[in-house]
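S.K.: Residue numbers (numbering that gives the first Met the number 0), protein chains in the order written: chain A, 0 to 530; chain B, 0 to 341.
Source of the hints: derived by calculation from the structure; they are not laboratory data. Even glycine gets a Cβ: it sits at the ideal position worked out from N, Cα and C. Treat the hints loosely; a few may be bogus.
A short list of chain B residues far from chain A (calculated; beta carbon distances all over 10 Å) [stated by the list, open to error]:
(1) Q41
(2) A61
(3) Y63
(4) N82
(5) Q102
(6) D156
(7) Q218
(8) Q283
(9) S312
Okay, the calculated bits of chain A under chain B, using three or more residues with CB under 8 Å as the criterion [said to hold, decoys possible]:
(10) 281 to 289
(11) 391 to 398
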Amino acid sequence: MQKRAFLIGTTAILIVIGLLPVISMLVKSVFQNGHFTLSAYHGLLGSARQWVLIKHSFTLAALVTAFTTVIGVPLGILLGKTDFPLRKLFLFLFVIPLLLPPYVTAVSWFDLLGREGLLAPLLGSTLTQHIGRWLFGLPGCTFVLFSVFLPIPVILTVAFLHTINPRLEEAARSAAGWGRVLKEITLPLIFPAILLSALLVFLLTFGEFGVPNYLRYAVYPVESFTRFSAFYNFKAATAAAMPMAAITLLALIFESAFLREGTYQLQPLPEGAQRMKIHLYRFRSGVVISTTLLLLMIVIVPLLSLIIKSGGFAVYLQAINKAGESLIRSVSYAAIGATLLSILGFFSGYLIRIRAFKFWRSLDSLTLFLFALPGTVIGIGLIRLWNTPRTNFIYATPLIILLGYLAKYTALTSRISVTQLAHIPSSMEEAAQMTGASWLRRMIFIIAPLAKRGLMAAWLVGYIFSLRDTSITMLVYPAGHDTLPVRIFTLMANGSPELIAALCVILIAATLVPATLISLLPLFKRQEVWL
Amino acid sequence: MRKYMPLLLSSLIVASVLGLSGACTRGQKTVKTVTVYVSEDQVFSEPILKDFQKQTGIKVKAVYDTEEAKSTGTMNRLIAEKNNPQADVYWANEPIRAEVLKQKGISAAYVSPNAKDIPSAFKDPQGYWTGFSARARVLIVNTKVKQKPNSISAYLDPRWKGKAVMANPLFGTTTSEIAALFTLWGDQQAKAFMMALKKNKVAVSTSNGESADFVAAGQYDFSLVDSDDGVNRMRQGKPVTIVYPDQQPGQIGCFIVPNAVVLVKGAPHPQTAKKLIDFLLSPQTESKLAFADCAQIPLHAGVKMPPEMKPISAIKVMKVNYAEVAKKMIEIQPFLKSWMGL
Chain A
0 MQKRAFLIGT
10 TAILIVIGLL
20 PVISMLVKSV
30 FQNGHFTLSA
40 YHGLLGSARQ
50 WVLIKHSFTL
60 AALVTAFTTV
70 IGVPLGILLG
80 KTDFPLRKLF
90 LFLFVIPLLL
100 PPYVTAVSWF
110 DLLGREGLLA
120 PLLGSTLTQH
130 IGRWLFGLPG
140 CTFVLFSVFL
150 PIPVILTVAF
160 LHTINPRLEE
170 AARSAAGWGR
180 VLKEITLPLI
190 FPAILLSALL
200 VFLLTFGEFG
210 VPNYLRYAVY
220 PVESFTRFSA
230 FYNFKAATAA
240 AMPMAAITLL
250 ALIFESAFLR
260 EGTYQLQPLP
270 EGAQRMKIHL
280 YRFRSGVVIS
290 TTLLLLMIVI
300 VPLLSLIIKS
310 GGFAVYLQAI
320 NKAGESLIRS
330 VSYAAIGATL
340 LSILGFFSGY
350 LIRIRAFKFW
360 RSLDSLTLFL
370 FALPGTVIGI
380 GLIRLWNTPR
390 TNFIYATPLI
400 ILLGYLAKYT
410 ALTSRISVTQ
420 LAHIPSSMEE
430 AAQMTGASWL
440 RRMIFIIAPL
450 AKRGLMAAWL
460 VGYIFSLRDT
470 SITMLVYPAG
480 HDTLPVRIFT
490 LMANGSPELI
500 AALCVILIAA
510 TLVPATLISL
520 LPLFKRQEVW
530 L
Chain B
0 MRKYMPLLLS
10 SLIVASVLGL
20 SGACTRGQKT
30 VKTVTVYVSE
40 DQVFSEPILK
50 DFQKQTGIKV
60 KAVYDTEEAK
70 STGTMNRLIA
80 EKNNPQADVY
90 WANEPIRAEV
100 LKQKGISAAY
110 VSPNAKDIPS
120 AFKDPQGYWT
130 GFSARARVLI
140 VNTKVKQKPN
150 SISAYLDPRW
160 KGKAVMANPL
170 FGTTTSEIAA
180 LFTLWGDQQA
190 KAFMMALKKN
200 KVAVSTSNGE
210 SADFVAAGQY
220 DFSLVDSDDG
230 VNRMRQGKPV
240 TIVYPDQQPG
250 QIGCFIVPNA
260 VVLVKGAPHP
270 QTAKKLIDFL
280 LSPQTESKLA
290 FADCAQIPLH
300 AGVKMPPEMK
310 PISAIKVMKV
320 NYAEVAKKMI
330 EIQPFLKSWM
340 GL
């Protein structure tokens, strides 16, 4: 009874927080003065611009997906399966762009290559103009989002490689070289990871607002945000958001049909099993040099350009003075958001793992749908639902931001919990049940402590994604409660580039310091599979 | 103790979430606050609001616009919150939006004692908005150009075919100025002017700032921009100068865009709101905004300002009714969209 009530409660929370705003937004978009009308949608379909936006969005998402997959999977194999030196350090460094709001990477490239950029004096005005045209458009957007989302196929490839039974590869190796083993054994085994990463990258790029907006490439999320924010047209904004929701839904149907079982079968290696390693031998130096160059190009150079652009200590003091409160708020909201996300994700993960209800799959799909849905859509939905005098305790307080985090990012913590819970033998809970322990006591004293690594990982992921969120927070934050990513955005209008760069560096530090500290905990020293 | 840890932890989380909500509401009751939505750039408006907070002890809570929302995000938030107002004051960076709010019944009348010396052309006669610290719409011209343009009609001069740029007319002060031209010239003449711009291959940039950068870089000879864009580039030592257009007898004059402050109807804190409005309309605030990088022209007479700026009394001002401009701006949106090919 206790278990049922708790899990129904979890489901209800997810529906109220995530689904209700989207449904409310959809319903309100088709009613005018109490009458049903599809006028907003007619306007949308009748405009030639919509097809241009769809083409732009698809082109950008397809290019980013292709590049990240083609480079990310081999990179994942390199860092997860070979004797490449300092693999963990490289992996950590490659992941950095994913931890930051994507527009920070765009800002750093502009600081480097823009008209007033660090390299402008070396490149000359003609070349700078050419590069500027390249940066502000499809090529620039593709490149920036490629560097931001490259860690997704890398991490997924590394994680799935760790689950391959070494006996399969050992048997194949006795008859064939590594090239053939990779092609015929390893890659087919990690194929679900490749497809999943491609799907995630496609959806995240398709829903990305900050980078195309900064680099002025017209795509659907920018249109939806502009229609709400610049033209205040809720109906048109909703209509503009619907193709994105439909495409997200289609992608999830694909995921549900072809991938889900594959990704849930992720299991750790049996105790004592040794993973097979590929020795690079004579290729080692060449591979190390080219990987280092790639790392320099997509991670180190942009980070350095931000640090150089930010100038000296005085600028950082000014930045702290101007945005210190926003920084504190960001960290606090992200910490509270991460805690709530871990709890909600834990129970939703438990529900999905034990398939507690017939609708477990729907709940999983709902969290994924909300994760893939552009933040602007969720933000508009939240305003639609909670902007009433009776619900001011939510709308006029930071609770509205926290609801946004929960709606958008529960999928991440839920999936981490599913994987972690898969490692806990059901006999543990059953034994506790035999002694008469209630379900809640079993959860608190048996399951949660056993899943503490997963909970900690979920908290960290929740913290990072809440801290980097811009699209939802920018739309819903109450007066006086702006976060650091939002403040950076608002200061971009005529703010000094040095100050913006310093604030970006501070944001990077606020993200990386807790991430590094937690990853250094003894709990995380052992091999971990979170995905 | 360990046994009770989970209970303690969960209580702590619930308390912190409830506290977050409670503290926000409670804070409003005990400490004097004012909530202001601002479409003037944060980098310029925030220091003024901090000064107000320091001088009065009234805590200012602000929502600022982003460049991406083309400085209309906060206005739209005010419209969204019409039946549930959260803001007390709206600081608009131009009077057209303030007029739109008046027409939508979102603003309340308030005549500040500090508004009496502001020329009547820059305030609503009923007190629904009051202008202060203005930008002028000027021509920024690259110094390499020998014979400088002195009128917006230079955009149509074959001498500058393909050599002039202007910001996207769908957004910001460019829309306002075009709407002003429609009210001044009538639809037919204004549309003909717009079509002639296309014929003379006038380039369109994303913003006034970008136009100013293009001219500073020598990519284009001149552009119509806000005076702050021009003054800023001059202060940065860029090879540009500014020209106040149409200043000769018989010419239309220079379009002036003052900031506008609005009291929100149903404001939760009307008393502190009025104090903030009085503060914004003071000559001291105008002087600070004149010396700031936004280089805005004071509307009070005799306010100290930097030498590179012209006082409002020395500028031939385009005579327009901002209420009519606001109506026209909405009316010409479809034309402007089709002009842009959207």
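S.K.: Now tell me, hint by hint, if it's right for this structure.
M.R.: Hints, one by one, checked against the model:
no. : hint       : in the structure
1   : Q41        : violated (5 Å)
2   : A61        : violated (6 Å)
3   : Y63        : violated (4 Å)
4   : N82        : violated (8 Å)
5   : Q102       : holds (14 Å)
6   : D156       : holds (25 Å)
7   : Q218       : violated (7 Å)
8   : Q283       : holds (22 Å)
9   : S312       : holds (27 Å)
10  : 281 to 289 : violated (count 0)
11  : 391 to 398 : holds (count 8)
Violated hints for the displayed structure, listed by number in ascending order: 1, 2, 3, 4, 7 and 10.
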